[in-house]
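J.: Just so you know, the protein sequences line up as chains A and B, in that order.
Reminder that position 5 of the first sequence reads as 5 in our numbering, one-by-one numbering, no gaps.
Reminder that position 293 of the second sequence reads as 293 in our numbering, one-by-one numbering, no gaps.
Hints are supplied without guarantee of correctness; some may be wrong.
Stated by the list, open to error - Derived EDC-like pairs: lysine to aspartate or glutamate, alpha-carbon spacing no greater than 20 Å straight-line:
#1 Lys112/A / Glu123/A
#2 Lys240/B / Asp279/B
#3 Lys128/A / Glu100/B
#4 Lys88/A / Glu100/B
#5 Lys125/A / Asp94/A
#6 Lys125/A / Asp108/A
#7 Lys112/A / Glu214/A
#8 Lys128/A / Asp83/A
#9 Lys125/A / Glu100/B
Claimed, not checked - Listing some non-contacts, in silico: residues in chain A with all C-beta distances to chain B over 12 Å:
#10 Pro71
#11 Gly76
#12 Ala121
#13 Gly211
#14 Asp231
#15 Arg236
#16 Pro284
Think of the hints as simulated: they come from the structure by calculation, not from any bench.
Note that the coordinates shown come from a computational prediction; the quantities given were computed from them, not determined experimentally.
Glycine residues also receive a C-beta, built at the ideal position from the N, C-alpha and C atoms.
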Amino acid sequence: MNVVETSGLGKRYGSAWALRECSLTIPAGHVVALVGPNGAGKTTLLNLVVGLAAPSAGIVTVLDGQLAGSPAALDGIAFVAQDMPLYKNLSAADMVHMTRNLNRRFDDSYAKARLAEVGIALERKAGKMSGGQQAQLALTLALARRPNLLVLDEPMAMLDPLARHDFMASVMAAVAEDGVSVILSSHVLTELERVADYLVLVSHGSIQAAGAVEDLLAGHRLLTGPASEIDTLAGRLNIVHAQRGEAQAHVLVRTDARTDSVPPGWEAHPVTLEELSLAYLREPGAAWLPGPARSRAAHSMEMAN
Amino acid sequence: MPWRRMAWVTWRQHRFALAGIVAVFGAAATYLMVTGLPMRAAYAAVAGCSPSSSDICRQAATEFLSNYAPGVGYTLGLLQAFPALVGAFAGAPLLAREFETGTFRYAWTQGFGRTRWTLGKLAPLAFMVTVVAIAFSGVVSWYLQPIVDAGDNNGPLYPTVFDLTGIALAAWTLTAFAIGLLAGTLVRRVVPAMFAALALWAGLAFVTGAFLRPHYQAPVVTTNPNIPIGAWVINQGWFKDGNPASLDTINRILTPVDVRAITPDLFQPGPSTPANLGDPVQYLIQHGLMLLTTYQPADRFWTFQWIESGWLLALSLVLFVVTVWLVRRRAA
Numbered sequence: 001m002n003v004v005e006t007s008g009l010g011k012r013y014g015s016a017w018a019l020r021e022c023s024l025t026i027p028a029g030h031v032v033a034l035v036g037p038n039g040a041g042k043t044t045l046l047n048l049v050v051g052l053a054a055p056s057a058g059i060v061t062v063l064d065g066q067l068a069g070s071p072a073a074l075d076g077i078a079f080v081a082q083d084m085p086l087y088k089n090l091s092a093a094d095m096v097h098m099t100r101n102l103n104r105r106f107d108d109s110y111a112k113a114r115l116a117e118v119g120i121a122l123e124r125k126a127g128k129m130s131g132g133q134q135a136q137l138a139l140t141l142a143l144a145r146r147p148n149l150l151v152l153d154e155p156m157a158m159l160d161p162l163a164r165h166d167f168m169a170s171v172m173a174a175v176a177e178d179g180v181s182v183i184l185s186s187h188v189l190t191e192l193e194r195v196a197d198y199l200v201l202v203s204h205g206s207i208q209a210a211g212a213v214e215d216l217l218a219g220h221r222l223l224t225g226p227a228s229e230i231d232t233l234a235g236r237l238n239i240v241h242a243q244r245g246e247a248q249a250h251v252l253v254r255t256d257a258r259t260d261s262v263p264p265g266w267e268a269h270p271v272t273l274e275e276l277s278l279a280y281l282r283e284p285g286a287a288w289l290p291g292p293a294r295s296r297a298a299h300s301m302e303m304a305n
Numbered sequence: 001m002p003w004r005r006m007a008w009v010t011w012r013q014h015r016f017a018l019a020g021i022v023a024v025f026g027a028a029a030t031y032l033m034v035t036g037l038p039m040r041a042a043y044a045a046v047a048g049c050s051p052s053s054s055d056i057c058r059q060a061a062t063e064f065l066s067n068y069a070p071g072v073g074y075t076l077g078l079l080q081a082f083p084a085l086v087g088a089f090a091g092a093p094l095l096a097r098e099f100e101t102g103t104f105r106y107a108w109t110q111g112f113g114r115t116r117w118t119l120g121k122l123a124p125l126a127f128m129v130t131v132v133a134i135a136f137s138g139v140v141s142w143y144l145q146p147i148v149d150a151g152d153n154n155g156p157l158y159p160t161v162f163d164l165t166g167i168a169l170a171a172w173t174l175t176a177f178a179i180g181l182l183a184g185t186l187v188r189r190v191v192p193a194m195f196a197a198l199a200l201w202a203g204l205a206f207v208t209g210a211f212l213r214p215h216y217q218a219p220v221v222t223t224n225p226n227i228p229i230g231a232w233v234i235n236q237g238w239f240k241d242g243n244p245a246s247l248d249t250i251n252r253i254l255t256p257v258d259v260r261a262i263t264p265d266l267f268q269p270g271p272s273t274p275a276n277l278g279d280p281v282q283y284l285i286q287h288g289l290m291l292l293t294t295y296q297p298a299d300r301f302w303t304f305q306w307i308e309s310g311w312l313l314a315l316s317l318v319l320f321v322v323t324v325w326l327v328r329r330r331a332a
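I would like the entire structure built from these sequences, with the hints used as guidance.
T.: See the structure below:
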């Protein structure tokens with residue numbers, strides 16, 4: 001099952017494209033980190049997935065072919081928007097009651113038990129809660145809907161480090177208990193590095209890399225060697241990004257059977273997720289997309305060249 | 001998901017706005033009843049006067065009107081704003097607050113769906129403000145009854161009377177609510193949306209009273225200076241040989257009898273005015289002037305009420321449909 005599938009997806013605000021030619025497949029059962037700089041199109045992509053925005057081009061389906069925003073899609077996806085919007089004048093109990101009333105599925109006892117667990121009094125108004133409590137309340141409301149897919153847009157942005165830790169622990173506990181698929185967005189990869197097993201890298205309104213973290217890590221390696229030899233290396237290896245120092249250069253390359261041998265004078269290291277994503281973000285022309293999406297991206301790159 | 005559960009959501013979120021509307025209309029209704037009772041008591045004496053065509057009875061009616069009509073006029077003036085208040089305080093914030101605080105991102109991603117969520121808020125609130133307005137216009141009609149019965153010049157079609165009585169108040173309240181709702185959806189900020197709703201309502205009310213309502217049916221045009229009681233005079237003027245007569249022309253004709261026209265319908269007799277002159281209007285007519293009056297008779301009240309309420313209801317429905325359409329297509 002795929003939780004998200006997009007094909008040629010684009011979203012235009014006025015004359016500016018916030019997202020363009022986005023073809024992506026996210027299989028179920030992952031914790032997906034949607035990472036990219038501010039303004040890259042992360043929120044736009046999430047709004048399209050949860051049905052808040054309608055595509056200007058292409059299509060987006062969720063939960064095995066349901067049109068995003070359709071009743072079945074709304075039923076199965078719980079979304080926590082940026083800044084955790086809650087009705088400030090309603091108590092936690094009222095927010096629970098409201099969310100129960102607005103959904104076919106809602107686990108009332110789970111919601112109340114979870115609120116007790118994180119120390120939120122039911123009669124407390126949402127507007128009087130700390131940022132961490134608001135985030136926990138929003139997350140509780142989302143999880144109590146027993147969604148197939150949980151979408152969190154910049155969930156950590158307004159939380160202090162302790163609240164971030166608690167929040168992520170809650171998300172991961174839900175993943176362990178229910179096996180819910182999760183998509184989290186952030187402009188800081190390190191927030192998600194420990195929890196995500198799938199990475200979607202967005203920049204300048206298009207998808208630059210998407211794939212399971214272990215595939216991505218296995219598919220790349222970092223070579224360190226003399227800076228003067230980079231040009232000869234370029235002919236032989238599939239270089240994503242080269243960082244030249246005075247004497248030494250660090251080069252991120254894709255690994256495949258043809259290039260598996262390390263050139264003499266060079267040293268190979270396994271790459272970290274952060275190094276990998278930074279390398280891609282510094283090279284807007286590079287893309288790593290699995291499946292049919294790759295050929296399309298390669299095609300558009302050829303067109304660009 | 002039954003609508004009953006959505007009704008809880010609407011009630012929980014908007015009960016204070018509804019309570020506020022009921023409180024304001026209730027306070028105004030109480031005021032009308034408290035001041036209306038002594039007015040009715042005073043009118044009972046006038047109504048009991050017999051024979052009603054006698055000078056003393058006419059005198060009593062005139063005195064009653066001069067005592068009470070000005071106060072009633074001010075009250076009606078203040079009440080004009082009531083539909084606008086509903087539009088600004090119940091209509092405009094309904095969706096604008098969701099946009100302003102970002103909570104539409106919560107509400108529209110729940111399983112109930114944004115279209116049904118919008119309808120679940122809009123329909124009951126529109127219904128309730130309409131019911132409150134209908135009840136209130138009943139009180140206004142009761143309050144005005146003695147003034148109308150006493151034969152006040154401002155009959156049932158007079159602008160500040162017409163839109164507070166019958167079913168027009170309910171129609172205007174519903175329209176103001178719909179205007180506020182759409183303004184909130186377009187402006188997406190509570191306070192600017194409230195002002196936009198007030199401005200749009202005021203513009204529509206003015207255009208309706210000044211340009212549309214006089215033409216719901218072809219007005220009656222007459223040269224008879226005796227206009228039926230309660231008629232809504234749209235305009236009235238003196239004509240000579242088919243052309244409008246200026247104040248100078250009128251005064252030139254009145255010079256021999258030493259009467260001065262201050263306005264075309266207000267005359268000031270002088271020291272040498274003959275005692276047997278009678279009504280200067282008749283004198284002017286006898287001396288070649290024609291008084292042309294365009295008016296709507298009072299008995300067209302209900303026809304006009306249905307026409308106005310009908311198109312206001314249609315307009316409200318259009319505004320609601322546009323609002324729902326905007327909610328459906330709106331990108332986040």
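J.: Would you mind marking each hint as holding or not holding in the structure?
T.: The hints, checked one at a time:
1. Lys112/A / Glu123/A: 12 Å, holds
2. Lys240/B / Asp279/B: Roughly 19 Å separates the two Cα atoms, so the pair holds.
3. Lys128/A / Glu100/B: 19 Å, holds
4. Lys88/A / Glu100/B: 12 Å, holds
5. Lys125/A / Asp94/A: OK: Lys125/A and Asp94/A at ~9 Å, within 20 Å.
6. Lys125/A / Asp108/A: 18 Å, holds
7. Lys112/A / Glu214/A: 37 Å, violated
8. Lys128/A / Asp83/A: The given pair, whose Cα atoms are some 15 Å apart, holds under the 20 Å limit.
9. Lys125/A / Glu100/B: Distance of about 19 Å is within 20 Å: holds.
10. Pro71: 6 Å, violated
11. Gly76: Violated, since 9 Å does not exceed 12 Å.
12. Ala121: 19 Å, holds
13. Gly211: Non-interface label on Gly211/A holds, nearest chain B Cβ at 27 Å vs cutoff 12 Å.
14. Asp231: Per Cβ check, Asp231/A is outside 12 Å of chain B; nearest 47 Å; holds.
15. Arg236: 47 Å, holds
16. Pro284: 25 Å, holds
Checked against the numbered hints above, the structure violates hints 7, 10, 11; every other hint is satisfied.
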